[in-house]
Amino acid sequence: MLQTAQRTAKSKGKKGAPASLGEAAAGKAAPPHDRFLEAFRWMLLARTLEEKLVSLYRGGQITGGVYIGKGQEAVSVACGIFLEKGDIFAPLIRDQAGRSAFGEPLIDVTRTYLGSRLGPMRGRDGNIHRGRPRDNQLAMISHLGAMVSVTVGALMAKRFRGEKGFIGLSCIGEGGMQTGSFHEGMNIAAVEQVPLVVVATNNHYAYSTPNDREFACHDLIDRAIGYGFEGYTVDGTDLANCLDVIGGAVKRARVGRPPQLVVASILRLSGHGEHDDASYVTDEIKREPFARDCLKVTEHTIVDLKLVDTETLAEWRRDAATQVDVAISTAQKEAAPEGDEEDWCAISTRDLVDSLE
Amino acid sequence: MSITYLEAIREAQAKLLRDDERVFIYGQDVGGTFGGAFKATKGLAKEFPGRVLNTPISEDAMVGTAIGAAMHGMRPIVEMQFADFSSTALNQILNNAGTHYWRTDVPIPITVRLPSGGTKGSGPFHSQSMESIYAHYPGLIVMTPATVEDAYTMLIEAVAIDDPVIYCEHKYLYYHLKAEKLPTEGLPTGKARIAREGRDLTIATYSAMLHEALAVAEQLASEGFEIEVVDLRSVKPLDTNTVLASVARTGRLLCVGESFPWGSATAEIIARVTAEGFHLLDAAPQRMNAKDTPIPYHPNLWSVHRPNAKEIARKARALLRE
Chain X
1 MLQTAQRTAK SKGKKGAPAS LGEAAAGKAA PPHDRFLEAF RWMLLARTLE EKLVSLYRGG
61 QITGGVYIGK GQEAVSVACG IFLEKGDIFA PLIRDQAGRS AFGEPLIDVT RTYLGSRLGP
121 MRGRDGNIHR GRPRDNQLAM ISHLGAMVSV TVGALMAKRF RGEKGFIGLS CIGEGGMQTG
181 SFHEGMNIAA VEQVPLVVVA TNNHYAYSTP NDREFACHDL IDRAIGYGFE GYTVDGTDLA
241 NCLDVIGGAV KRARVGRPPQ LVVASILRLS GHGEHDDASY VTDEIKREPF ARDCLKVTEH
301 TIVDLKLVDT ETLAEWRRDA ATQVDVAIST AQKEAAPEGD EEDWCAISTR DLVDSLE
Chain A
358 MSITYLEAIR EAQAKLLRDD ERVFIYGQDV GGTFGGAFKA TKGLAKEFPG RVLNTPISED
418 AMVGTAIGAA MHGMRPIVEM QFADFSSTAL NQILNNAGTH YWRTDVPIPI TVRLPSGGTK
478 GSGPFHSQSM ESIYAHYPGL IVMTPATVED AYTMLIEAVA IDDPVIYCEH KYLYYHLKAE
538 KLPTEGLPTG KARIAREGRD LTIATYSAML HEALAVAEQL ASEGFEIEVV DLRSVKPLDT
598 NTVLASVART GRLLCVGESF PWGSATAEII ARVTAEGFHL LDAAPQRMNA KDTPIPYHPN
658 LWSVHRPNAK EIARKARALL RE
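Top line first, the protein sequences correspond to chains X and A. Position one of the first sequence corresponds to residue 1 (the numbering used here), numbered consecutively onward. Position one of the second sequence corresponds to residue 358 (the numbering used here), numbered consecutively onward.
Because the hints were derived from the structure by calculation, they are not lab data. Wrong hints could be hidden among the right ones.
To be clear about the criterion: a stretch of chain A counts as covered by chain X if any three or more of its residues have a C-beta under 8 Å from a C-beta of chain X, and this derived list gives those stretches [claimed, not checked]:
(1) 425-431
(2) 446-458
(3) 514-521
(4) 588-602
Each residue gets a CB set at the ideal place from its N, CA and C atoms; glycine is no exception.
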């Protein structure tokens, strides 16, 4: 079973290299990045999980919505895979691969989607609005851009306490980049000179609105210099490129360079949510190079370079499917929250609860 | 020696910075040698280097940063330059800080200081009282201190509380209100105080309106009426029991607040007293708020826009005749 980066770091002292990977890769061609195969497995796990969530949603077993990261897995995994236990991660809507790579257990995902009272959100919030702040996984709110400054504050707290070597990584899309909150967050990050990486994925649509109605600048990366960030672009369909560029940004932030902005280009290969058929996505844009499916591209690379044999690939798929099945069947057996048993209390200070009775 | 309401706020922050290394102050112009638009942080940046930090004009990011820091062990105090500008941080306060404990089980111990309320000539954007908006949303505590003593002890308590606190300090009281010395302890938040005892009418109020109400009580005493004045101290939690107990003695209730009328704290008090203490009332409960217009600039307009002693007295007399 593929372990999370955090757990592997704890249990084996070496980050993110499941034992089976070393064996599988032995004697084959060198991968284009030393975390390439590990990253691919996180992508595969995310895709497998989300395909299953979609089918549960279509079968009426998930209330609310399902929001997947199809096409964004390469960018996302690169966001999560280089982070260490003490780092802060603020993922967004399409970051399943990164969340898993950072250490979110699958059961947190399925419990939240299926409304188990045992999940981190306990039925109080759903789908992608989840996190474990105590484990440095921030829980996004729907209002885009808001989590950038929250990440800045978390990093300032660490600095106040004298910690060293930590970074924060906050995810955003090109849609969220157009909010005032994002702008304020970027500016204050640079003013505070915190070790922050912001990864912005341009998936070419804010829900149904194409880029030409979202912004009018030549290239989003040009904003980096205006904020006082160092800026880099990346082909979000190319896993090795994502690992190189985002990994490089993480490294630079960790050694005290100014905040880092990475802008990745992809096409969202799904609707905004599964309720959306994405009929507004034009045939023309689907033929763009950035419209490739990063998972397929990665798989082709693995096959073409003979990084692992087909039997190993099949085994990895089975492993992902098994993990997903276990996480779903476990959550499905768990009780849902009940209104008459809920603790309807929005503050932790019990004696200051305003009694409306 | 005497100490003003504003100095009490500064002294509370100095004590907090001295006693608790998790505390830092974050806001526009609070640092350097300037010490804030109202000087509530005067000298603190020098005394506590690196812990009283100027920010860009970014209310959203100021609060967002405080939330992140609070989540990771700090006790930030955010100074809004004027309460009015906190409207550009509403998203972080209401949707992020206010929902966080409920959603994730991790509370957000931030204190947001709002220099609130009107002073002459300040106009629509430097005069607002926003306690009713914040009280409307779940997950926040809303303090409205009316005395020098409360300004001091409640700010210290605000920072100690594990949840987000909106601390509404009244700008009119900054220099007008003085006390001989700072208290060592105060009433706990959530407990209203009987500011003046009486048996004919209860005026329930908070913040600067307390002093208008006390002036009215004094004036009506000369007319033979005994007015009981309740200082709510915090509008959330709202000490309904103390108000009900007072109404049980007087049979009449007038609520006075400075925020806009629609859905205000005064409306909430009347709703509760009517629902729970209808049998105690000898007359229909009444309320007074600012007018339902933006706050005017000119002193002639401003002085009648918000409730004042003259109008409160007029309303009180009418209620006493009922």
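Would you pick out the hints that fail for this structure and give their numbers low to high?
Per hint list: zero violations.
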